[in-house]
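Asker: Given next are the chains, with one letter for each unit.
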Amino acid sequence: MKALKAYGIGWREVFRKGKMWLLLYVLSFLFALLAALPFSGFLKETLGDSLAATQSLPGFNYTFVGDLLNTYGESISLILNQSIGVMILFVLLSIFLMGGILVILQFRNEAFDFSRFWMASGRYFWRLLRLTIYFTIFQLLLLSIFAYIYSKLLNGLSPFETESEADWIRLFYILAPIYTFLAMTLSVVQDYAKIHIVHQDERIITKPFWESFIIVFKNFIPFFLLYLLNTITFLIFFGLYYVLGHSFQAHSMPTVALLFLLGQAYIFFRIGVKIVNLAGATYLYQEIRSTDITN
Amino acid sequence: MHFRLICIFILLSFSSFAQEAALSPRVANYDMQVSLDTMQKKVTAHTTLRWKNISTDTVGELQFHLYYNAFRNTESTFFKERGLPDFFSKTLKEDCEWAWMEIQKMTDEDGNDLVPNMEYIQPDDDNAEDRTVLRVPLSKAVLPGETITIDYDWQSRVPRTMIRTGYNRDYYFMAQWFPKVGVYEPAGMRFAKKGQWNCHQYHSSGEYYSDFGVYNVDITVPSDFIVGASGVLQNVKDNGSTKTWSFYVEDVIDYTWSASPHFVEQKEEWKGVSIRLLCYPDHEVFAKRYFDAIKNSLEFFEEHLWKYPYPTLTIIDPPFHGLFSVGMEYPTLITTGTALFIPDGVRTAETLTVHEFIHQYFMQMVATHEQEEPWLDEGFTTYYEGRIMDQYYGEHSSTIDWMGMKVGNAEYNRIEFFGMDNPEIAPNTLKSREFPRGAYGPISYNKTAIWMRTLEGMLGIETMDEIMKTYFDRWKFNHPCRNDFIDVVNEVVRQKHGNEYGEDMNWFFDQVLYGTDLCDYTVSDISNIEVKEKLGVFEQVNECIKATETESEEEDENVIYESTVEVERLGNLAFPVDVRIEFEDGKVVLEQWKDRKRSKSYFYKGTTKVVCAEVDPDRKIYIDKNFLNNSLTKEPSKVGTRKYFTQFMFWLQNTMLSLSAMV
Ligand SMILES: [Zn+2]
Numbered sequence: 629m630k631a632l633k634a635y636g637i638g639w640r641e642v643f644r645k646g647k648m649w650l651l652l653y654v655l656s657f658l659f660a661l662l663a664a665l666p667f668s669g670f671l672k673e674t675l676g677d678s679l680a681a682t683q684s685l686p687g688f689n690y691t692f693v694g695d696l697l698n699t700y701g702e703s704i705s706l707i708l709n710q711s712i713g714v715m716i717l718f719v720l721l722s723i724f725l726m727g728g729i730l731v732i733l734q735f736r737n738e739a740f741d742f743s744r745f746w747m748a749s750g751r752y753f754w755r756l757l758r759l760t761i762y763f764t765i766f767q768l769l770l771l772s773i774f775a776y777i778y779s780k781l782l783n784g785l786s787p788f789e790t791e792s793e794a795d796w797i798r799l800f801y802i803l804a805p806i807y808t809f810l811a812m813t814l815s816v817v818q819d820y821a822k823i824h825i826v827h828q829d830e831r832i833i834t835k836p837f838w839e840s841f842i843i844v845f846k847n848f849i850p851f852f853l854l855y856l857l858n859t860i861t862f863l864i865f866f867g868l869y870y871v872l873g874h875s876f877q878a879h880s881m882p883t884v885a886l887l888f889l890l891g892q893a894y895i896f897f898r899i900g901v902k903i904v905n906l907a908g909a910t911y912l913y914q915e916i917r918s919t920d921i922t923n
Numbered sequence: 026m027h028f029r030l031i032c033i034f035i036l037l038s039f040s041s042f043a044q045e046a047a048l049s050p051r052v053a054n055y056d057m058q059v060s061l062d063t064m065q066k067k068v069t070a071h072t073t074l075r076w077k078n079i080s081t082d083t084v085g086e087l088q089f090h091l092y093y094n095a096f097r098n099t100e101s102t103f104f105k106e107r108g109l110p111d112f113f114s115k116t117l118k119e120d121c122e123w124a125w126m127e128i129q130k131m132t133d134e135d136g137n138d139l140v141p142n143m144e145y146i147q148p149d150d151d152n153a154e155d156r157t158v159l160r161v162p163l164s165k166a167v168l169p170g171e172t173i174t175i176d177y178d179w180q181s182r183v184p185r186t187m188i189r190t191g192y193n194r195d196y197y198f199m200a201q202w203f204p205k206v207g208v209y210e211p212a213g214m215r216f217a218k219k220g221q222w223n224c225h226q227y228h229s230s231g232e233y234y235s236d237f238g239v240y241n242v243d244i245t246v247p248s249d250f251i252v253g254a255s256g257v258l259q260n261v262k263d264n265g266s267t268k269t270w271s272f273y274v275e276d277v278i279d280y281t282w283s284a285s286p287h288f289v290e291q292k293e294e295w296k297g298v299s300i301r302l303l304c305y306p307d308h309e310v311f312a313k314r315y316f317d318a319i320k321n322s323l324e325f326f327e328e329h330l331w332k333y334p335y336p337t338l339t340i341i342d343p344p345f346h347g348l349f350s351v352g353m354e355y356p357t358l359i360t361t362g363t364a365l366f367i368p369d370g371v372r373t374a375e376t377l378t379v380h381e382f383i384h385q386y387f388m389q390m391v392a393t394h395e396q397e398e399p400w401l402d403e404g405f406t407t408y409y410e411g412r413i414m415d416q417y418y419g420e421h422s423s424t425i426d427w428m429g430m431k432v433g434n435a436e437y438n439r440i441e442f443f444g445m446d447n448p449e450i451a452p453n454t455l456k457s458r459e460f461p462r463g464a465y466g467p468i469s470y471n472k473t474a475i476w477m478r479t480l481e482g483m484l485g486i487e488t489m490d491e492i493m494k495t496y497f498d499r500w501k502f503n504h505p506c507r508n509d510f511i512d513v514v515n516e517v518v519r520q521k522h523g524n525e526y527g528e529d530m531n532w533f534f535d536q537v538l539y540g541t542d543l544c545d546y547t548v549s550d551i552s553n554i555e556v557k558e559k560l561g562v563f564e565q566v567n568e569c570i571k572a573t574e575t576e577s578e579e580e581d582e583n584v585i586y587e588s589t590v591e592v593e594r595l596g597n598l599a600f601p602v603d604v605r606i607e608f609e610d611g612k613v614v615l616e617q618w619k620d621r622k623r624s625k626s627y628f629y630k631g632t633t634k635v636v637c638a639e640v641d642p643d644r645k646i647y648i649d650k651n652f653l654n655n656s657l658t659k660e661p662s663k664v665g666t667r668k669y670f671t672q673f674m675f676w677l678q679n680t681m682l683s684l685s686a687m688v
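Sequences listed follow chains U and Z, in order.
As numbered in our numbering, residues 629 to 923 make up the first sequence, in order.
As numbered in our numbering, residues 26 to 688 make up the second sequence, in order.
Since the hints were derived computationally from the structure, they do not count as laboratory data.
Computed from a predicted model, the values in this text were never measured in an experiment.
From the three backbone atoms N, C-alpha and C, an ideal C-beta is built for every residue, glycine too.
Heads up, some of the hints might be wrong.
List of simulated lysine to any residue pairs, SDA-like, C-alpha gap at most 25 Å [as the list claims (entries may be wrong)]:
no.: 1; chain 1: Z; residue 1: K634; chain 2: Z; residue 2: N583
no.: 2; chain 1: Z; residue 1: K431; chain 2: U; residue 2: L886
no.: 3; chain 1: U; residue 1: K780; chain 2: Z; residue 2: K118
no.: 4; chain 1: Z; residue 1: K296; chain 2: Z; residue 2: D490
no.: 5; chain 1: U; residue 1: K780; chain 2: Z; residue 2: K115
no.: 6; chain 1: U; residue 1: K672; chain 2: Z; residue 2: K659
no.: 7; chain 1: Z; residue 1: K663; chain 2: U; residue 2: L770
no.: 8; chain 1: Z; residue 1: K663; chain 2: U; residue 2: Q767
no.: 9; chain 1: U; residue 1: K672; chain 2: Z; residue 2: K115
no.: 10; chain 1: Z; residue 1: K650; chain 2: U; residue 2: L706
no.: 11; chain 1: Z; residue 1: K431; chain 2: U; residue 2: G701
no.: 12; chain 1: U; residue 1: K780; chain 2: U; residue 2: Q767
Cβ-Cβ distance ranges computed for the label pairs, FRET-style [what the hints assert, rightly or not]:
no.: 13; chain 1: U; residue 1: P666; chain 2: Z; residue 2: P368; range: 32 to 42 Å
no.: 14; chain 1: U; residue 1: P686; chain 2: Z; residue 2: Q520; range: 51 to 61 Å
no.: 15; chain 1: Z; residue 1: D610; chain 2: U; residue 2: G646; range: 51 to 61 Å
no.: 16; chain 1: U; residue 1: F866; chain 2: Z; residue 2: E449; range: 43 to 53 Å
no.: 17; chain 1: U; residue 1: F657; chain 2: Z; residue 2: D446; range: 31 to 41 Å
no.: 18; chain 1: Z; residue 1: W676; chain 2: U; residue 2: L810; range: 21 to 31 Å
no.: 19; chain 1: U; residue 1: P686; chain 2: Z; residue 2: Q416; range: 19 to 29 Å
no.: 20; chain 1: U; residue 1: L868; chain 2: Z; residue 2: L109; range: 49 to 59 Å
Generate the whole structure from the sequences, applying the supplied hints.
Answerer: Following this line, the structure appears as structure tokens:
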């Protein structure tokens, strides 16, 4: 019930802080545009006066893609390398903005305040950066442990040492849910660690780190359920995008425009779900803290 | 007397009928009694070989392949060429699971012992440690037309998870497993300048070449084993702890079998051909896909070449631990394969089944030399694989049709070949073992398939089908080489097209078969120049041409344009190509560029401008390495580039958001 309430509050907050939602979307758009512009120039240069791009429509054309990679592989990898640079910058920006988002969500029912947002963004950047690095290491460690167990139990994944590939599938079906559960739990802990840092203005991050572990395990069900609800919401949006995006062929300007709008709507809602999750988690965190204090 | 004459006549007619009924010359005929010891991993066998000398030479020796000796030690030619791959290392180095094959006794029909004079020879590389070819001098030479009968006892140790053959756990795949006589080539046959044995050592790349014959094979295995083998199952005799499976097959060039206690059997029939599938229980779900692929292929070849002439076809779907034997072709027996984690839209099962089946025609019936001219079987097979897969499973989705990703079989060849580091590294005519590392597959398989499709595009599908049918009819149950194929192409093209493509088609093969150059056509320029009205005094000083009143005031219907379209040949290969030119008023002109010049210009004068031009608009020249530059337009549509930009942008945003989930 708590989780459902938090989820509802999350959505209300998203719409109340519409400006922040829009800001985050615009930033993602601009960063992607920054990385995509060289690709636009590349397309114009290589295919602008050719019929090839138009002839390759509709759908996926392997000959076209293959020729593009064979002929312009170097240029494409250069563009992709540049994009990776932009993506790293975007991750840093996301860390920067996280402080702002959390502070804005801390003041529920209040409208979005730009100056508060930017100030908080700067204030918590280094702490959240360290936290992100630690949790990324934990996630990688978790993944490596599971990959190791998987490989070890399957004799080093050598087909010659395997009776049937069904053994691989069976073990995958056993380990994947456990791994997903643990990885999600780690993400939940990370969310509350972030909130804890911002709300308590903690300077040393090991304290919120352990405290968030304790908080999460004490209130595991609502915390995890909220995360699960948001994950399901994200999957629904993705499913909708996938189904709608494949329901028509984009081979004319209006249909290409529709594809673009559909993609942007999905991105917009994806960002929305992220805020819902943080807003809901903030609510749960505040609820638990207030109960702790009154007790 | 009269009655005796009639009897002789009937007998003679019968024997000549039997002679006519044989599909092949039946040179090498084997009776084999084989026993598999699954504890020792050993095969013990007795073989009776009846070898017929169909040449006009007197042959004084036989040469045999002893393939399993390739896995005898690190010094064999096979391992010297390949190195010791990781997954073999443990079983070989630590467990000492080296394989071998030895002839213990060999006698001719007069009881002469042939063992003392036999010796291992190394015709390819003089590697004295290689024991994969055995030379057996005969006590009595075999005269032309004569048949010699040789009896031999032999034993072999079965390798574990070796290339194409061996065992793993209780799965056995027995290919290249028995001492097999080579091919005697008299002068004039293929490339032979004098009568000689063609019996190569076993190399890391390339497979086999052997003569047609009849096989009578009894295979004794533990009683719980199921056996799949080339030919028709005659009977299964229960000996208590073992069973003897007897098979018989005519007019094939090799013999292969497989055994496992876990095989489950499924059978289907197609126009008198019994199709037998042996797979492990968890792969029964793929049965329909295998059967459908085989039936599609049988139907295709019945229509295009010849109805499959054998009464049986056995498909083995090896277990996961038998991956070493996946995707192989042997007479009337093929191995296919897929895995349960491969999505249905990725058509590995169909592709492998179709490919290996096609080898029944190119390699088995038309028995070219796989080691010397791999393109003649692998390339032809890959070409037909593209045709069958694209016809039955969708032209642009036959190989992969999954999650919006679509890949056609024929188009896959272009990516494999042009995606190589250096597609010009070797010509098609190299022997398998001569290809630089990584070049054998893309050149023997994919490049051949691409230029065959180019030939089809140039000549039309009807001529191409006639070429292939003529070649097949002429050379089935025989051993042709590249010259025989080229001769057929020249003959059919001359018949159907006269001199349209020149005196012969050798120019084509010089480029694609013997040459390594690439092909790339492009439209480099389109210009439309408005013809200005001539003004002033010309011949007669008293006659001045003045500007007309309508001069460029408004868009005049009478404006004349001089348009030029320039087409260039960037690669060294040259083929006759079509050039399609489209004008502003919708008129379309189709030109043909046939010469070998580097560029060609087309001029037009009229009231309409050229808006776009495309070289090879129907993609007939499939060997063109880049179709992106084949067209040029004055009125570019932005739909395509916008769509790709939109998709790239979306992908970037989505990836950025996924990465930021780490925060
Ligand atoms: Zn093949």
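Asker: Each hint should be assessed against the structure and marked as holding or not.
Answerer: Hint by hint, here is what the structure shows:
no., hint, in the structure
1, Z/K634 / Z/N583, "holds (12 Å)"
2, Z/K431 / U/L886, "holds (22 Å)"
3, U/K780 / Z/K118, "holds (23 Å)"
4, Z/K296 / Z/D490, "holds (23 Å)"
5, U/K780 / Z/K115, "holds (18 Å)"
6, U/K672 / Z/K659, "holds (14 Å)"
7, Z/K663 / U/L770, "violated (47 Å)"
8, Z/K663 / U/Q767, "violated (43 Å)"
9, U/K672 / Z/K115, "violated (55 Å)"
10, Z/K650 / U/L706, "holds (22 Å)"
11, Z/K431 / U/G701, "holds (20 Å)"
12, U/K780 / U/Q767, "holds (20 Å)"
13, U/P666 / Z/P368: 32 to 42 Å, "holds (34 Å)"
14, U/P686 / Z/Q520: 51 to 61 Å, "violated (42 Å)"
15, Z/D610 / U/G646: 51 to 61 Å, "holds (54 Å)"
16, U/F866 / Z/E449: 43 to 53 Å, "holds (45 Å)"
17, U/F657 / Z/D446: 31 to 41 Å, "holds (39 Å)"
18, Z/W676 / U/L810: 21 to 31 Å, "holds (29 Å)"
19, U/P686 / Z/Q416: 19 to 29 Å, "holds (22 Å)"
20, U/L868 / Z/L109: 49 to 59 Å, "holds (54 Å)"
The earlier numbered hints that this structure contradicts are 7, 8, 9, 14.
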